[in-house]
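Novice: With chain X fixed as given, assemble chain C onto it according to the hints.
2 protein chains.
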Amino acid sequence: MADIMHRVGIKSSKDDVYKALATREGLAACWTNNTQGESKVGGMLQFRFDAGGFDMKVLELHPAKRVLWQVVDGPEEWIGTKISWELKQESDYTIVLFKHQGWKEPVEFMHHCSTKWAIFLMSLKSLLETGKGAPAPDDIKIDNTNQ
Amino acid sequence: MADIMHRVGIKSSKDDVYKALATREGLAACWTNNTQGESKVGGMLQFRFDAGGFDMKVLELHPAKRVLWQVVDGPEEWIGTKISWELKQESDYTIVLFKHQGWKEPVEFMHHCSTKWAIFLMSLKSLLETGKGAPAPDDIKIDNTNQ
Chain X
1 MADIMHRVGI KSSKDDVYKA LATREGLAAC WTNNTQGESK VGGMLQFRFD AGGFDMKVLE
61 LHPAKRVLWQ VVDGPEEWIG TKISWELKQE SDYTIVLFKH QGWKEPVEFM HHCSTKWAIF
121 LMSLKSLLET GKGAPAPDDI KIDNTNQ
Chain C
1 MADIMHRVGI KSSKDDVYKA LATREGLAAC WTNNTQGESK VGGMLQFRFD AGGFDMKVLE
61 LHPAKRVLWQ VVDGPEEWIG TKISWELKQE SDYTIVLFKH QGWKEPVEFM HHCSTKWAIF
121 LMSLKSLLET GKGAPAPDDI KIDNTNQ
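Protein chains in written order, with my numbering: chain X, 1 to 147; chain C, 1 to 147.
Hints in this document: simulated from the structure, not taken from any laboratory.
Be a bit skeptical, because a hint or two may be false.
Below, a sample of chain C positions facing chain X; criterion: calculated Cβ distance under 7 Å [what the hints assert, rightly or not]:
id: 1; residue: R7
id: 2; residue: V8
id: 3; residue: G9
id: 4; residue: H111
id: 5; residue: H112
id: 6; residue: T115
id: 7; residue: I142
In this text, a Cβ means the ideal position worked out from N, Cα and C, and glycines have one as well.
So here's chain X without its partners, still in its complex pose:
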């Protein structure tokens, strides 16, 4: 098993960062414009991109603290993996500890996703700090997949 990990610090309150991660509107403003579904425990979220997408089951929603999803549909390597967002306060920053856990193998696609998650975390930071994120399809491209 292998995990992707990231950490960003956002000059914003835990409540506001949580709101961005725990609502369809917030996720659409930082990850992909095409976000559908219901962000409630047991609910499903559908994230769509030009090249496909991911269906996530919402497993946990702890206000201002933690969000946990499990991937139920999407690329084969993603199915069954879990994505967690932990929030904590440090001085005037909300720290986001991100994990995408449970990859069976550290395949090349995992390398791509690791870099891309960093880009989307920076989009989340930008959304909270400036009011404007960079969700797909206007996300920063990192390689020849155009994703």
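Specialist: Okay, now just chain C, sitting in the frame of chain X:
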């Protein structure tokens, strides 16, 4: 053991990407302005930042293909870890597969470093594609460490 992995695609030749990764000048233009030492097999490179830095021993230099370093001094969690850069061609992109391998534990600092490596890989991409990277101290800040 835990690894950090990333993948970027750069619209440039393998030779030019290799040159950026295998020379003191190239590294100073994408990672940190304060890069000293000799990039030759068995040589040492010193990377310095406001908050400290890393000393790397150059283990492998395969032109247009692969660079491998081992950390010999720096933060405790880094010592003994290895950093590899693999290059390959895909259409008009040079793909860089990056690994920072051998972390003893997936500590919070590893989360930070994972995000920060993504930022520096995007700086490498920018250096090759536009002629201008964003090395420290003008690097993009990701959290409350100001690193």
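Novice: Now tell me if each hint is right for this structure.
Specialist: Hints and how they fare:
Residue-level restraint check for R7(C) holds (minimum Cβ-Cβ distance to chain X is 4 Å; threshold 7 Å). Proximity of V8(C) to chain X holds as hinted, the smallest CB-CB distance being about 5 Å (cut-off 7 Å). Hint on G9(C) holds. Least Cβ distance to chain X is approximately 3 Å, under the 7 Å limit. Interface hint at H111(C): satisfied, since its Cβ lies 4 Å from the closest Cβ of chain X, which is below the 7 Å cut-off.
With 7 Å as the threshold, the beta carbon of H112(C) comes within range of chain X, its nearest partner Cβ sitting at about 4 Å, so the hint holds. The interface hint given for T115(C) holds, since its Cβ lies 4 Å from the closest Cβ of chain X, which is under the 7 Å cut-off. For I142(C), the interface hint holds, since its Cβ comes within 7 Å of a Cβ in chain X; the closest pair sits about 5 Å apart.
The structure meets every hint from the earlier list without exception.
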